[in-house]
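Visitor: Protein sequence lines correspond, in order, to chains A and B.
Residue numbers for the first sequence, in my numbering: 1 to 156.
Residue numbers for the second sequence, in my numbering: 1 to 697.
Do not take every clue at face value.
[As the list claims (entries may be wrong)] Pairs of lysine-lysine residues, derived as DSS-like cross-links and limited to a Cα-Cα distance of at most 27 Å, are as follows:
| # | chain 1 | residue 1 | chain 2 | residue 2 |
| --- | --- | --- | --- | --- |
| 1 | A | Lys146 | B | Lys635 |
| 2 | B | Lys571 | B | Lys351 |
| 3 | B | Lys394 | A | Lys146 |
Don't read these hints as lab results, they were simulated from the structure.
Spelled out, the chains give:
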Amino acid sequence: MMIKFTLNGQLVEVSSDPSRRLLDVLRQDFSLIGVKEGCGEGECGACSILFNHHVVNSCLLPLGNVMNQDIITIEGFKTTARYQAIEQAYIDAGAVQCGFCTPGMVMATESLLHLNPTPTDAEIRIALSGNLCRCTGYNMIVEAVKLASERGKGLW
Amino acid sequence: MTDITNSIPKLDAKDKLSGQALYVSDIQIDGMIYAKTVRSQIVKGKIINIDIPFLPEGYFTVSRQDVMHKNVVKIIFEDMPYFATDEIHHLNEPIMLVVGPDKSVIQSIVDQIKIEYVTEIGVFDDRDAPVAYSFKKGNPKKVFSKATQVIEMNYQTGLQEQAYIEPQGFVAYEEGEKVTLIGSIQCPYYVKNAIIDALGCEPNQVRVIQAAVGGAFGGKEEYPSLIACQLAVALKKVHKPIKLIFEREEDILSTTKRHPSTIHLKAALNELNDVVGLSADIRIDGGAYIGLSSVVLSRAMIAVSGAYTIENIQVEGKVLRTNTVPNGAFRGFGAPQMIFAIEMFMHHIAKETNQDAFAFRMRHLARQGDKTSTSGVFRDPIILEDLIRVATEKSKYHSKALAYSQTGIHKGIGMSFFLHGCGFTGSGESTHINAKVKLFKTEAGLVKILVAAVDMGQGIRTTLPKIVSSILEIPIERCIFDYPDTDFVPDSGPTVASRTIMIVGGLVARAAKELKETWIENKEQSVIKQYVQPDYIKWNEKKFKGDAYPAYSWGVNVVEVAVDPLTYQTKILNVVSVYDVGKEIDERIILGQADGGIVQGIAYGYLENMVAVDGKIKQKNLTDYIIPTALDVSKMSTYIIDNPYPLGPYGAKGAGELTLIGGAPAVALAIEMAVNKKITKIPVTPEYLMELMHHDD
Numbered sequence: 001m002m003i004k005f006t007l008n009g010q011l012v013e014v015s016s017d018p019s020r021r022l023l024d025v026l027r028q029d030f031s032l033i034g035v036k037e038g039c040g041e042g043e044c045g046a047c048s049i050l051f052n053h054h055v056v057n058s059c060l061l062p063l064g065n066v067m068n069q070d071i072i073t074i075e076g077f078k079t080t081a082r083y084q085a086i087e088q089a090y091i092d093a094g095a096v097q098c099g100f101c102t103p104g105m106v107m108a109t110e111s112l113l114h115l116n117p118t119p120t121d122a123e124i125r126i127a128l129s130g131n132l133c134r135c136t137g138y139n140m141i142v143e144a145v146k147l148a149s150e151r152g153k154g155l156w
Numbered sequence: 001m002t003d004i005t006n007s008i009p010k011l012d013a014k015d016k017l018s019g020q021a022l023y024v025s026d027i028q029i030d031g032m033i034y035a036k037t038v039r040s041q042i043v044k045g046k047i048i049n050i051d052i053p054f055l056p057e058g059y060f061t062v063s064r065q066d067v068m069h070k071n072v073v074k075i076i077f078e079d080m081p082y083f084a085t086d087e088i089h090h091l092n093e094p095i096m097l098v099v100g101p102d103k104s105v106i107q108s109i110v111d112q113i114k115i116e117y118v119t120e121i122g123v124f125d126d127r128d129a130p131v132a133y134s135f136k137k138g139n140p141k142k143v144f145s146k147a148t149q150v151i152e153m154n155y156q157t158g159l160q161e162q163a164y165i166e167p168q169g170f171v172a173y174e175e176g177e178k179v180t181l182i183g184s185i186q187c188p189y190y191v192k193n194a195i196i197d198a199l200g201c202e203p204n205q206v207r208v209i210q211a212a213v214g215g216a217f218g219g220k221e222e223y224p225s226l227i228a229c230q231l232a233v234a235l236k237k238v239h240k241p242i243k244l245i246f247e248r249e250e251d252i253l254s255t256t257k258r259h260p261s262t263i264h265l266k267a268a269l270n271e272l273n274d275v276v277g278l279s280a281d282i283r284i285d286g287g288a289y290i291g292l293s294s295v296v297l298s299r300a301m302i303a304v305s306g307a308y309t310i311e312n313i314q315v316e317g318k319v320l321r322t323n324t325v326p327n328g329a330f331r332g333f334g335a336p337q338m339i340f341a342i343e344m345f346m347h348h349i350a351k352e353t354n355q356d357a358f359a360f361r362m363r364h365l366a367r368q369g370d371k372t373s374t375s376g377v378f379r380d381p382i383i384l385e386d387l388i389r390v391a392t393e394k395s396k397y398h399s400k401a402l403a404y405s406q407t408g409i410h411k412g413i414g415m416s417f418f419l420h421g422c423g424f425t426g427s428g429e430s431t432h433i434n435a436k437v438k439l440f441k442t443e444a445g446l447v448k449i450l451v452a453a454v455d456m457g458q459g460i461r462t463t464l465p466k467i468v469s470s471i472l473e474i475p476i477e478r479c480i481f482d483y484p485d486t487d488f489v490p491d492s493g494p495t496v497a498s499r500t501i502m503i504v505g506g507l508v509a510r511a512a513k514e515l516k517e518t519w520i521e522n523k524e525q526s527v528i529k530q531y532v533q534p535d536y537i538k539w540n541e542k543k544f545k546g547d548a549y550p551a552y553s554w555g556v557n558v559v560e561v562a563v564d565p566l567t568y569q570t571k572i573l574n575v576v577s578v579y580d581v582g583k584e585i586d587e588r589i590i591l592g593q594a595d596g597g598i599v600q601g602i603a604y605g606y607l608e609n610m611v612a613v614d615g616k617i618k619q620k621n622l623t624d625y626i627i628p629t630a631l632d633v634s635k636m637s638t639y640i641i642d643n644p645y646p647l648g649p650y651g652a653k654g655a656g657e658l659t660l661i662g663g664a665p666a667v668a669l670a671i672e673m674a675v676n677k678k679i680t681k682i683p684v685t686p687e688y689l690m691e692l693m694h695h696d697d
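Let the sequences and hints guide you as you build the complete structure.
Guide: Next up, the structure:
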């Protein structure tokens, strides 16, 4: 079946089984390796992508569901000014350790700030609660989101 | 020159943030095929027949029939086969690999393989104890016979899963006779040596390269050697590049975890209600194969008196062999179990004898010059009292403890004191590891740091170059630390035991000093340094006597909780930690390690619940094995007090494990205060609390 969707700003077509996981399509067919597989069951968030600018686990998303939708991965997002602000905030807050959850965290951060440019601490924690991190204990990531929000005024 | 502690941006952060860092699952090689493991469906028994379906062209099975030399994983105890023999010892034991080009075809072959077993009854108690150690300090027999009072308690700790977010995996390929493995690993030379043993080949025929590692926490210390041996054998059969990545469920159900323990403690008190003697019986469940369990047991036994000095000690320790998945390395390595037990015990002794628990514990603190549990000497200054003072002030421990001790508040505050021996136990560094590091300066003046230490998130891709750049006074961009590749780096030992900064970093610093003194512009130069144990460190491995570690890091954790009186759910309200890690090589990196460590340690104490029933682990993914999310974490404050260790680089000691081991007793003591019942078991789940509350003691 031919599935058309927007991937990182480009219209793409994939002729494939619509039940395939979007995660596999992105990694295998498009070599978008910033989308990570941590659990394969929607629990860890390492495979987070933006689906119409909402953070979604791509391991739970069948290819068929993205027909005519807008998909952004870290590879597409990293060219934006918003990414620059988030990147610097993560570096300055010390929010990166092993890095395996990190692209997913960045997508969750973007999804939150897009909807709510000035989130409270509690709102940040809720927004990140679908993304597991085993290294940082989260607080430096929460701090990074706050920093990005403060510094990125007007970006969101 | 600026203080080394001042934070700099992590050198690998941009690659990781933008998703460009290459983890093993991201690596593609032309013509690469895949592998999946066929595992035992029974807990114990014998294989009587394996029925393999017709294999399409290009598909193979690889099993013990294909082993070229030794079918055993080279760990401390060489008892674990990498392909199961006819005898099955635990559920999900690896029996064979199915390899081939298409993952779905591989899966259908795996599904069609029929294995017939004769099932036997498994062992899950203490009847099989292949490792038993004991040691004593002073004259425990005498003090117990003269004691005015003897107090006994029993403590239990559960399984804990490392839950690194990146599952285990390797990519393997051949170049002529040589096998190369790229993996998510902590110890490139452990993997290399295991493959040499498995294939019976020459060292130059095996190359091991580290990929970016998505977390490890000990889980990628010894276990990856097993997968690597399987893949090396497979390569010799199929001669094509192979990728094997575990799925989460497979990872949780078949890899090593933290050893559950039962620790029986007995204290002899004198007429002043001081502890003059301590007797301990420590049992850890090693699972079906011993692997590293004997070393985990040693560390637990040596930590017997925690941060206290007790003059007379008797310790018995056993590794139990049971028909469960083997347990192994996990951040803390036996210490978290023991520190939980001794911290609870000290508190319980005080309660039992109607003493103020804080004053009682303070009275027993270890001091510089005291004898360690193994009759060595605490040579270096101990600033534990300073740590405790800062922790109590910052957390308002005393006023809160007083307020929360009233009934009906359902809140508690708990404080743990602890130490962690840095580096390998005993003479491990000098007799087993003998670390070697190399600095290589190119003609252009780039300095390459050649060590086998792995950055798995703890930041050594930043801190090691930072040490070199600071000593050589050259920009950090000119200090190159690539992922280790055994074809180029000497064996500086495994990335374990909080040894990397202190031991490897110490050697790197010495090499950098020498390079600075001998620096010649526009000329290639190299400096090699090898570890030499300080001659005053003496250790008798058989008797557990002498200095078990070259140095100790110290810590205090304070945890504040609220316990819901209806659901018995615990909520963490605040965490204050104070550490002595010698000197921070990078403040932000240490604070990040501290946050991650304490969250794992607290969760070990109350949240992370993994249970094996008759050899079957009940939690098999991250949906039912719950690790903390951002919502489970409270405000955390960490304070570091400098206490430089003369032999560490800039005075640095170990830090990685220290930050985990005090979490469980601190949260358990806080919960104990909130519910006013004695806690003797972790994790303190709502179910356990409900049992306690409904049990009249």
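Visitor: State for each hint whether it applies.
Guide: Against the structure, the hints come out as follows:
Annotation: proposed proximity of Lys146 (chain A) to Lys635 (chain B) holds, straight-line Cα distance about 15 Å (limit 27 Å). Using a Cα cut-off of 27 Å, the hinted pair Lys571 (chain B) and Lys351 (chain B) holds, with the two alpha carbons roughly 25 Å apart. With a C-alpha separation of about 24 Å, the suggested pairing of Lys394 (chain B) with Lys146 (chain A) holds against the 27 Å cut-off.
Of the hints listed earlier, there is not a single one the structure fails to meet.
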